[in-house]
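**Student:** Each chain is listed here by its residues.
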Amino acid sequence: AQSVAQPEDQVNVAEGNPLTVKCTYSVSGNPYLFWYVQYPNRGLQFLLKYITGDNLVKGSYGFEAEFNKSQTSFHLKKPSALVSDSALYFCAVRAFGGYNKLIFGAGTRLAVHP
Amino acid sequence: EAQVTQNPRYLITVTGKKLTVTCSQNMNHEYMSWYRQDPGLGLRQIYYSMNVEVTDKGDVPEGYKVSRKEKRNFPLILESPSPNQTSLYFCASSLAGGTAPDTQYFGPGTRLTVL
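Chains E and P are the protein sequences, given in the same order.
Each residue of the first sequence is one higher than the last, beginning at 116 in our numbering.
Each residue of the second sequence is one higher than the last, beginning at 3 in our numbering.
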């Protein structure tokens, strides 16, 4: 069965420090991987996706993610966190044969402190 | 502006009173989908639609209905809501729903409370 794990409910980081939000996945075949962000009282906003090719994917707002096939991971990273990055982050994997159905992780709340 | 819209944004209702949450997209997308978001569970797919008049069940379809009579609209219907359907609902759309890994774009969400 396809699944996504986000092992941390919350990540705390000081403004200006690098941040990492972890994601591991399990899926049959090659994965398509996505990161979305949810700000309070807002919908999900697309950040980036991995389809194929370069393992380092760059996305919106300075975020990037590294695909690691051997570790089945797709961690979200940013070199220097901003207070405005504080939000709920979701990792999602495209289910094999699922006609664009996304399997989501439970979400990780990122808190960036001044 | 390209967007997915949902109405209402907030709804409080009582058990058994039929309700409809509307979803509309202006991007000419073929694929539309409904998800519900619950704490600790992430988002789970309720129903999806590959195109007009083509719909199918997702992972948690019980208690819900959908229809796709027009390409831009994909309403979610709760014919007899129950308290366990209290949740945050998201509509999403993408260009196509086949094997291509198109990005799904989400609406702002509808927070539903069933008393």
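Hint data in this document are derived by calculation from the structure and do not stem from the laboratory.
Glycine included, each C-beta is placed from N, C-alpha and C at the ideal position.
One or more of the hints may lead you astray.
To be verified - Across the chosen pairs, the derived CB separations fall in these ranges: (1) Ser82(P) / Thr167(E): 43 to 49 Å; (2) Asn145(E) / Asn53(P): 21 to 27 Å; (3) Ile166(E) / Glu55(P): 25 to 31 Å; (4) Phe161(E) / Pro10(P): 20 to 26 Å; (5) Gly144(E) / Leu117(P): 42 to 48 Å; (6) Ser82(P) / Asp169(E): 36 to 42 Å; (7) Glu179(E) / Leu97(P): 22 to 28 Å; (8) Pro194(E) / Lys71(P): 32 to 38 Å.
**Student:** The structure should be examined with respect to each hint, and the outcome stated for every one.
**Tutor:** We went through each hint and held it up to the structure:
no.: 1; hint: Ser82(P) / Thr167(E): 43 to 49 Å; verdict: holds (45 Å)
no.: 2; hint: Asn145(E) / Asn53(P): 21 to 27 Å; verdict: holds (25 Å)
no.: 3; hint: Ile166(E) / Glu55(P): 25 to 31 Å; verdict: holds (30 Å)
no.: 4; hint: Phe161(E) / Pro10(P): 20 to 26 Å; verdict: holds (24 Å)
no.: 5; hint: Gly144(E) / Leu117(P): 42 to 48 Å; verdict: holds (44 Å)
no.: 6; hint: Ser82(P) / Asp169(E): 36 to 42 Å; verdict: violated (50 Å)
no.: 7; hint: Glu179(E) / Leu97(P): 22 to 28 Å; verdict: holds (24 Å)
no.: 8; hint: Pro194(E) / Lys71(P): 32 to 38 Å; verdict: violated (48 Å)
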